[in-house]
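*Asks:* Once you have looked at the hints, place chain B with the ligands on chain A.
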Amino acid sequence: MAEALKITDLHKSFKTGFLLKKKKILKGIHLEVEQGEIFGYLGPNGAGKTTTIKCLLGLIFPEKGEISILGQPYLSLSVKERIGFLPENPYFYDYLTASEFLEFYSQLFFIKKDKKEDKIQSLLRLVRLEKSAHLQLRKFSRGMLQRIGLAQALLNEPSIVFLDEPLGGLDPLGRKEIRDIITRLRDEGKTVFLSSHILQDIEMICDRVAIIVNGEIINSGRLKDLISEKIHFTEVILSGLKEDQLRDLSESFASSGDRIFLKITDESKLEEVLQLVHSQKGKIHSLIPRTETLEDLFVEMVKTK
Amino acid sequence: MKIKAIALNTFREAIRDRILYVILFFAAVCFLFSRVLALLTVGDQVKIITDVGLAALSFFGALMAILVGTGLVYKEIDKKTLYTLLSKPIHRYQFLLGKYFGMILTLFVMLFLMTVLFLILLFFHTFKIEWQIFAAVFLIFCELCLITAVAILFSCFSTPILSSIYTLSFYMIGHLSWGLETLIDKINSGLGRAMARVLYTLLPDLENFNIKTEIVHHLPIPPELFLFSFLYGFCYSVFILFLAVLVFRRRDFI
Ligand SMILES: Nc1ncnc2c1ncn2[C@@H]1O[C@H](COP(=O)(O)OP(=O)(O)O)[C@@H](O)[C@H]1O
Ligand SMILES: [Mg+2]
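Protein chains in written order, with my numbering: chain A, 1 to 305; chain B, 1001 to 1254.
Next up, chain B with everything else stripped away, as it sits in the complex:
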């Protein structure tokens, strides 16, 4: 109940942030650009539009989570609105979770808007609604939930600019770490191989949330892959939020 009150207030605050609409605009530009790109290339136009569109959804969604998410907690500390809030009968973790879910709600609305734009564009090409897209969008949403958790963790002890850089690095590393997996197969020595494996396990693998290939080529999506990705995102987010609560619990607000 208290978490809900804080979440709704956070939503009210975040949805007013102009930066969201700037990003929304760029996402729309990107969708249109994919059309132009499709016209210029030989090959399946729908495939290109779908590919670029889904990548844009993931990237601009992440950008929203990072740029708005990192400011949420910091702003409350900086403007001292937190002082009165924490003097009310709430636990600090409730505050943090309220912020988190408020941001998730914001991202849900934004992702929904972007998806609708994207589907409209796609509709003009295929004249049917590609329901499979929703599976991909759902996993992108899971990814955004994780990124928001990371953004909130960093913003518990750092300024928005630094937190944004950290979270952006997390996003980049997360999308490149699958390279390690291919590397593991190529390493011969046992030690190097073990180290690469440990590193790969520790680093986030955000490619788990990427099923563009399956969607673009109309391949079946194995349910266990889908479930695994969902659980991966869920557990990872819970873990990161837990860390955030630990940091936040004993912090001095001076």
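Chain A extracted, bound-state conformation:
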């Protein structure tokens, strides 16, 4: 089976400023996305994520490099029949209502007339906008626009969807809703390529990631391989003990009211603390082992870069 997406040595520069000086934005991107996975494209703001996605969709033309989507040349109409795209900060024809908008876009695909109405209804249900079907898009909130954007990306039952910052600017509830839809897409066998700089979200749903900094991919692979499961330290919150008893057992130390916060790196010291709490009839309020997060990895990489 062909890769869902394959990018080889992609270069792109923009002419900027008064003298139209060339500024390199993408400096040789290599990527492979397999079918049926959620692929996270990570990078700080201005790294070149949106630029890459625009190249993939033929909105801008790279100077150099090859792109194939679903094993075919990426600009062909037969590829466009099978992809979906949600841009960053989506904005649509604000004079149309949600259902008029989907109706308009569905005319650009070969969707049979009798199926069209069902399709639009089921998509509106999926993104939970069925109540706003007859509301003009100008009256939509940020989160609703993001959701209707997702709906238009799914009109043609695409094999692969490109989502540029799909969770950007959403509240936690809105993020969860979109995350759920994305995982549902994967369960249906679709490939999802999403870019983000919000790492917690990526961590929750992505199978594999690539990290792009300054137009170059500096790391990529399975999340499990990138992040070690080793415990860095343990955070303990307890009460009922004297501060002096704990002072030399922990790395850092803070207290508020009767609660004491500890950060413990050494496992044997953790044992000691637990025994102390037991013997003094203290109380443990919480105990959290901290493993490396994607964020740690990310910060480390961006720094070394």
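It cannot be assumed that every hint is accurate.
Residues from chain A that face chain B, not an exhaustive set, calculated with beta carbons under 10 Å [as the list claims (entries may be wrong)]:
hint, residue
1, K54
2, L77
3, F92
4, L96
5, E157
6, N214
7, I218
8, G221
9, L294
10, L297
Just so you know, the hints here were simulated from the structure itself, not pulled from any lab data.
The C-beta atom is built at its ideal place from N, Cα and C for all residues, glycine as well.
*Replies:* Positioned in the frame of chain A, the structure of chain B with the ligands alone reads:
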């Protein structure tokens, strides 16, 4: 089919543009003004009303084509609605043609409204419908089709304000270039004459679409003149649209 979907959506967008109705209002004012003018002058009142009315149709129609037409493509790029549209299975030329025909449909409706207003006014003077007017309006429509193509060409690479200025210049030059033709006859030297002729061929001649004189004086309109004007407009529009597609095809949307 895809072009039709885009055209209809463009029509839906353009017809909401308030500026069209402002221009429509001014056109109506202009028709009424021609009546006042006719009352003040000695001579054939109907001739003056017809003359001013047809000129107003052409001018305000062109203004609509310019002010709305130049914004159409630009707005899609600026508001990024184009991004999702082009990720659908359509060619870029289909998008451009969709925009074009959507605007043409809008202009058709607007020109129709203006013509009806004009004919009503004229009816109060002559108490009959001047069917010949429709021939003149048809050629004005051909002219608007060409101007829209030019507006779209400029808006493929320029901001609406600049495109409007460019397109307005095209309109002005187009209506003045016939002066060159008279100039050609007066130039004696061969070189100057040849240069004037080349310039005249290159520049648009929008007076081809103007048959006011024939209408006003109830002269017969030679069919070959009519056909020539139509073909001139058609070929010129196709050529301009072709250029627009060439520009648009390789453009980066950043
Ligand atoms: N229109 C433009 N002209 C010049 N430079 C641009 C333009 N758009 C983006 N850039 C530059 O390209 C780089 C990458 O941008 P982008 O791909 O949008 O980043 P990301 O999506 O990863 O935040 C940035 O450094 C930005 O300054
Ligand atoms: Mg971006």
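*Asks:* The hint names N214 of chain A as touching chain B; please verify it with the least Cβ-Cβ distance against 10 Å.
*Replies:* violated, 18 Å
*Asks:* Can the hint on I218 of chain A be confirmed by a CB-to-CB distance to chain B that is less than 10 Å?
*Replies:* This interface hint is violated because 24 Å lies over the 10 Å limit.
*Asks:* Taking the closest Cβ pair, is K54 of chain A under 10 Å from chain B?
*Replies:* With a closest approach of 7 Å, the K54 of chain A hint holds.
*Asks:* Does E157 of chain A pass the interface check with chain B, least Cβ-Cβ distance below 10 Å?
*Replies:* violated, 13 Å
*Asks:* Would you settle whether the hint for L96 of chain A is holds or violated, based on the nearest Cβ-Cβ distance to chain B being less than 10 Å?
*Replies:* holds, 8 Å
*Asks:* Would the hint on L77 of chain A be counted as holding, given a Cβ-Cβ threshold of 10 Å to chain B?
*Replies:* Since the shortest Cβ distance to chain B is 5 Å, the answer is holds.
*Asks:* Please verify that hint: L294 of chain A, Cβ, nearest Cβ of chain B, below 10 Å or not.
*Replies:* violated, 28 Å
*Asks:* Close enough to count: is the Cβ of F92 of chain A nearer than 10 Å to one in chain B?
*Replies:* Status holds, d = 6 Å.
*Asks:* Classify the hint on L297 of chain A as holds or violated, based on whether any CB of chain B lies nearer than 10 Å to its CB.
*Replies:* violated, 31 Å
*Asks:* Using Cβ atoms only, decide whether G221 of chain A comes closer than 10 Å to chain B, and label the hint accordingly.
*Replies:* The hint is violated - G221 of chain A has no Cβ within 10 Å of chain B, the shortest such distance being about 28 Å.
The structure fails to meet hints 5, 6, 7, 8, 9 and 10 from the earlier list, while all remaining hints are met.
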